[in-house]
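Here are the chains, one letter per residue:
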Amino acid sequence: MAEVKTRGEVVLNRVAIVAVVVALIVMLTPIYWIASTAFKPRSLATTVPPTVMFEPTLTPFAKLFTKRSQLRQPVEEDVYEAAPWWEKLIYDDGEQVVKNRKTGAITSSGYWDRYKNSLIVSIISTFLAVSMGTLTAYGFSRFKVKGEQDWLFFILSTRMLPPVVVAIPMFLMYRTVGLHDTHLGLIILYTAFNLSFAVWIMKGFVDEIPREYEEAALVDGYTRLQAFWKIVLPEALTGIAATAVFCFIIAWNEYAFALMMTSRNAQTAPPYIPSQVGSGLPDWSVIAAGAFLFLLPVAIFTFLLRNHLLRGMSFGAIRK
Amino acid sequence: MARIELTNVQKFFGAVQVLRDVNLVIEDGEFVVMLGQSGCGKTTTLRAIAGLETITSGTITIDGKEVQNLKAADRDIAFVFQSFSLYPHMTVEENIAFPLRAVRSKQAEREAEVKEVARFLGIEQLLPRRPSALSGGDMQRVAIGRALVRRPKALLMDEPIGALDAKLREQMRAEIKRLHIARESTSVYVTHDQVEAMSLADRIVVMHDGLLQQVGAPEEVYLRPANLFVAQFVGSPVMNVADVTVEGEGTDALLRIGGANGFRVPSETVSHLNGSPAKLGIRPEAVMLSHDAQDGYIETETTNVEPLGSHDIVDVRVGDETLRARCESGFAGGEGQKLWVALDPHRAHFFDAASGNSLRRTA
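If you're matching them up, the sequences are chains A and B in order.
The first sequence maps to residues 1 to 320 in our numbering.
The second sequence maps to residues 1001 to 1363 in our numbering.
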């Protein structure tokens, strides 16, 4: 449609474009910085002014997953030739992989274990928070609940104080009941943390789904549970996807509790990555590689669900 | 198909009573239209029959079986919503097949039945589409198809064509009628549009304030309204209603409205009025206009003319009252024209001024 725009609107439009570009630069620069540093050799990671053009290398990633030590003397030719490509990269950088003296097995840096922990805790807690949140929201939306507003306010109020305030009591409780440094402990924590958010967001989405859809299904011979499963859930998919993305990001990025409530077995990636700054000389490109890999799941998850995130709720065939 | 019977049905929403002692029998194969303003309880009645609303007291039976405590799913009834309520995430075919899946029928049977209903409604070519790609009329056809596919005992429709534009409404009205005749389904249809009610119904149920006002064939409701509400709700343009005093004895009586000269009518048309305050109701087509003085006509002046193409609606002043008359187009030139007016005494209705009930000749 051709729209007639006034001068003011044209100016406003340009200002908006400039603002968007500025916002994009502000938001994308750190990501660019991390991504570029992750592929830089150590020598270029901290140059002033920053190196923009360089030959990308996978050395930081090879280092990220392994425990290494400094090479005392140059590596022997035949050992170098026999090594896999990633070990060569490490030798090239003047370091060697720490190996078990008897078996020759490589010593892991522990990054991958932390990464797995992050995945386990985030995926399970997101699933729990979203499924419980959706059911709760459905209940509040469709049935008369005594004191509904008070309950909803109560649910929301769990988010009203900074979580760190309760960190020490939580820490003591977790130690007492044996949830300290367990996956279950973090899953419970993140689920509880995300649940109020999930309930409120999902309530909005479920409210938008016309009751008539379910009523039609009820008249057509379905039970309420079947109607929920076959009609409400598919209709709420957009909302569920959006809620899941947010819950996942919150659980995935959580730092303070992960730092305090875990030490080894269940430690997630966020408290681990900065801890590498302190061990020996900081190798910024390795830290950047760790951070870069850490960004990927959220990016992929959001990318996969982008259609659901973008699609409005008004795609239905209901007349109001 | 089924006979539906409502006995002493009451419904409260909190402290508000929305259904007051509703007693109604819908015969097998009958097309009953519930007519009333929004909030009169017609939709609540329909939803109560379907099982989407619980009733506070009373009984509802379908084919002699009490159903008021059964779930909607167990009543074997189909419902068509005003909003059509097609599931957006399913194709038309899946939408129509959805009720069949509830009873776990075989896929081949399901496909055959969906095809048959689609052919019947002329929507075969729409089967693979999504509801969002359909026009309003087609959406409604699909919604009706979904309702019919299970061969329910009764078909309940809640303003099914209220959301369509006028032209399509007329077309769908005819289609629904054809469908009812072909399927002989017991149908209950809710609307606030009296034209729909008149054209579709075997019987009309007029509701107001949770009470049944009149139950009867369309002609009966139109020609012999039980009370003022029915008289003014059914018929377009609305029936003229005015306070009336009856004077004179003997062969002629004089009806006075708005303090003007009276209309002379044969006394037997008013002989049943016992002298208590009454209201006269007269439909615009029973108000007769003349260009020149005639016996029984009184002089008047037009105050407004509404040309409607096929006919005109002319407002004339009678004392302090205005009567609306229906006459052929171009009959009155414009406002302020001098005309003579009379009433057709045989089409005059009288209502008790206090109760609004019809005062009808017993003969």
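To be clear, the hints were calculated from the coordinates, so they are not data collected in a lab.
All C-beta atoms in this analysis are idealised placements derived from N, C-alpha and C, irrespective of residue type, glycine included.
Any given hint could turn out to be false.
[What the hints assert, rightly or not] With beta-carbon atoms standing in for the labels, derived distance ranges:
| # | chain 1 | residue 1 | chain 2 | residue 2 | range |
| --- | --- | --- | --- | --- | --- |
| 1 | A | A19 | B | S1132 | 56 to 66 angstroms |
| 2 | B | R1020 | A | G204 | 34 to 44 angstroms |
| 3 | A | K5 | B | R1020 | 37 to 47 angstroms |
| 4 | A | G147 | B | N1357 | 42 to 52 angstroms |
| 5 | B | E1306 | A | V4 | 54 to 64 angstroms |
| 6 | B | Q1017 | A | E148 | 21 to 31 angstroms |
| 7 | B | F1013 | A | G204 | 42 to 52 angstroms |
| 8 | B | R1183 | A | L237 | 47 to 57 angstroms |
Review point. Okay, which hints does this one fail, numbers in order?
Key: Failing hints, ascending: 1, 3, 5, 7, 8.
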